[in-house]
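Colleague: This is what each chain is made of:
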Amino acid sequence: MIRFAHLLDSLLLTPARNAKLRLMEEYFRSVPDPDRGWALAALTGALSFPAVKPAQIRALAESRVDAELFRWSYDFVGDLAETVALIWPAREDTATNFPPPPSLSEIVTGLRAATRAEAVEAVARWFDFLDATGRWALLKLITGGLRVGVSARLAKTAVASLGPVEPDAIEEIWHGLEPPYTELFQWLEGKGDRPHPGEKAVFVPLMLANPIEPGEMEALDPAQYLAEWKWDGIRVQLAARGGERRVFSRMGDDISGAFPEIAAALADGTVLDGELLVVRGGEVAPFNDLQQRLNRKTVTAKMLAQYPAFVRLYDALFIGGDDLRPLPLRDRRARLEAWYAGASHTLFDLSPLIPFASWAELEQLRADARSKGIEGLMLKRRDAPYVSGRPKGPWFKWKRDALTFDAVLMYAQRGHGKRSSFYSDYTFGAWRDGELVPVGKAYSGFTDEELVKLDRWVRNHTVERFGPVRSVEPGLVLEIAFDSVHESARHKSGLAMRFPRVHRIRWDKPAREADTVEALTKLKT
Amino acid sequence: MAAPHPETWLKPTPAGLHCIPGDFYIDPVRPVDRAVVTHGHADHARPGNKAVLATSETLAIMRARLGERAGGSLQPLRLGEAVTINGVSLRLVPAGHVLGSAQAVMEWRGSRAVVSGDYKRRPDPTCPPFEPVACDVFVTEATFGLPVFRHPPDGDEIAKLVHAAALFPERAVVVGAYALGKAQRVLALLRRQGYDAPVPLHGALLAMVELYRSLGVDLGPIEPATGAKREALKGRIVLAPPGATSDLWARRLPEPMVAMASGWMRVKQRAKARGVELPLVISDHADWDELVQTLKDVGAPEVWVTHGNEEALVRQATLMGIRARALSLIGFDEEEG
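Taken in sequence, the protein lines are chains A and B.
Just so we're aligned, residue 356 is where the first sequence starts under this note's numbering, counting upward by one.
Just so we're aligned, residue 183 is where the second sequence starts under this note's numbering, counting upward by one.
Hints were generated in silico from the structure; no laboratory data involved.
Incorrect hints may have been included.
Claimed, not checked - Derived BS3-like pairs (lysine-lysine); straight-line CA-CA distance at most 30 Å: (1) B:193 / B:478; (2) A:847 / A:754; (3) A:877 / A:796; (4) B:454 / A:495; (5) B:454 / A:796; (6) A:847 / A:864; (7) A:796 / A:864; (8) A:555 / A:652; (9) A:796 / A:847; (10) A:555 / A:754; (11) B:454 / A:808; (12) A:847 / B:454; (13) B:478 / B:416; (14) A:796 / A:754; (15) A:796 / A:752; (16) B:416 / B:454; (17) A:879 / A:847; (18) A:408 / B:454; (19) A:495 / B:342; (20) A:864 / A:752; (21) B:416 / A:808; (22) A:808 / B:193; (23) A:879 / A:864; (24) A:495 / A:652.
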């Protein structure tokens, strides 16, 4: 448990992705089974325990510490789990017969078998043998959600480096594995065979597209490509095999719980690739509606009715148990169309192919497309097999031109690693009734030379400092490029942008001439 | 005649804690005629007093930092020796905080008060350890006066630092450490763990490290970080004042990993909010357990609590059956920890 606690502690404080990977890789290399497997399960969200409530944890602390002292401390620290972890008094009888601290396996197996009441008792017992970081990590485990800035994908990427194998090779077998993943580690360390994914509904890593660069088009033969709209939903894989039915996100997360109606609609032996959307009366709803359905373990009947999910299909990996991946796209498409015609569907349709004769014609279509739910175009080679990952050449995405608007810099935050002494993360705002309202954040789009100038500007125009954040005078206009803007109840402006980045720095433009929230609202999709 | 209670002859005033019969102030916050200074930190050793009495190390630190303004006349007093000022006996006893730090032990007509200044109880290779002195009133600091503050063994923290430098050989680990006390202690602890590479230092740390060395504290090889090649700083442990770790200065370092040596680093959210990647819980102040242990060791029936989290320590003393009150002294810096 000590090593795991130190890992969580370091991950929490380490902002850089590569440094996080390094920390995890070192952990997985040096910690034996089964502890490292339980750690992997915790990091990928594959563990669940009887939920211990905050009130029970507070009561636990107050059984050992004066309530007034606890209150002063909680006031200062501000976080319940951390206060309890820090305040727990050391045992008096530490001199002799002191057992070693519990291992992660001991804790995980103990908790998995416990009722809620037993879990609280066990926690109190373990607390006595752990240090503050150990207690903090234990509280993170039992209260759910580690919140140390590690996605399941990042944890699997770290594990893959043990092989080394590609992270996608882990994804292919992941859903056939059970914690503590001993056979996975055996395989990666060359001591065992590759675990068999079995005839289960496992995730097959998706085939991804590369952005097409200007000028690249001329070298391609339009006759060899199919064109489709690029839909503004989320990419999903629907898998029904071995009696299991699942919906996987782009990264292989199982999101079946949030979309049970979609999961239930497939016949066994089918794995399809498509875009998950909310569609009402045949119209694609804004992305924001889809977000209401995401990140949920279960959904209510009301949610199902209010935000009806729908999948627009564009590829088939398996149909009727046949592996179609080696076939060229035109053949897979034919199989998909035949399958689709074979039954009536209420939750699916096919992503239509766009007929075109020349790139110029396609460019015109793309320029005209600003209707709901379209992000641009996809170009796919007719003769390409389905290859997991992002192979160069067969698939391209051709996004429509970004929208832009002029915003005013409001806050700047220090970056990390190479940028740790630079103010490189910018919050910008737009005018409303003579006041600036924050509308988004951007971290990219400028050169290193521009960063130096931006940083200098921030330091010379600081109004207030809050830890790593500075507020600045409203004096610098940033031209922001973004893909689209949507309604959002979460932001003061009522708007949320997708993929905002700094397009140009308008050193020349007076801040009062920047755009208004109203102007931005008009760009809403 | 019964001995007078210390509250009749030792009083908090706007200028600082005033010993009335001796007519001197301890760590005054404004210039006075006669000052007794417990240690060299800027919030305790202020400029412009006419006469200053302190340990010779503290006076040397004041001269280095304040120059002419250190005081009109500077009188050194050896640890353990007593002087009598207007009938008040004054003795300086080690406080274990930084080099030269002392507690002021005052006796008047059979009544004894101890002003501890800042102190800690764990061993520090750069200064002699705190000595508890029995007394009628003990004046204690409370910088870390909450039961959430328990400093781990400093060897463990230094091991984390050395491990981080080895794990990221392409980065520099820059440790924020106060110029007086913390920087030298971190150096001494590194040496104790066998880390013998030269340590590059920010320019603002050089003078005080040199002063420690001239006073006989061995800190191993050091070199200026300024002017060093970026390539040469990869995988190195570099020391800088806390403010400089996120300053323009840090740009000379290769992908700096910001570490901070402070008792405040015990609270993770506080470390995260300051952008610290590697918190090192190393403090020159007593943690909660040391504060409580000290109250037991000095056995004073009454405790006055100053700068820090007074309320919780007053509560704890009360639970221990000790009369306790918070002493509102202004002008002490809580950030240094």
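Colleague: Determine for every hint whether it applies to the structure shown.
Modeller: Going through the hints against the structure:
no. : hint          : verdict
1   : B:193 / B:478 : 24 Å, holds
2   : A:847 / A:754 : 29 Å, holds
3   : A:877 / A:796 : 19 Å, holds
4   : B:454 / A:495 : 17 Å, holds
5   : B:454 / A:796 : 20 Å, holds
6   : A:847 / A:864 : 25 Å, holds
7   : A:796 / A:864 : 20 Å, holds
8   : A:555 / A:652 : 21 Å, holds
9   : A:796 / A:847 : 13 Å, holds
10  : A:555 / A:754 : 35 Å, violated
11  : B:454 / A:808 : 27 Å, holds
12  : A:847 / B:454 : 26 Å, holds
13  : B:478 / B:416 : 47 Å, violated
14  : A:796 / A:754 : 21 Å, holds
15  : A:796 / A:752 : 25 Å, holds
16  : B:416 / B:454 : 24 Å, holds
17  : A:879 / A:847 : 16 Å, holds
18  : A:408 / B:454 : 25 Å, holds
19  : A:495 / B:342 : 22 Å, holds
20  : A:864 / A:752 : 34 Å, violated
21  : B:416 / A:808 : 26 Å, holds
22  : A:808 / B:193 : 55 Å, violated
23  : A:879 / A:864 : 25 Å, holds
24  : A:495 / A:652 : 19 Å, holds
Of the numbered hints listed earlier, those contradicted by the structure are 10, 13, 20 and 22.
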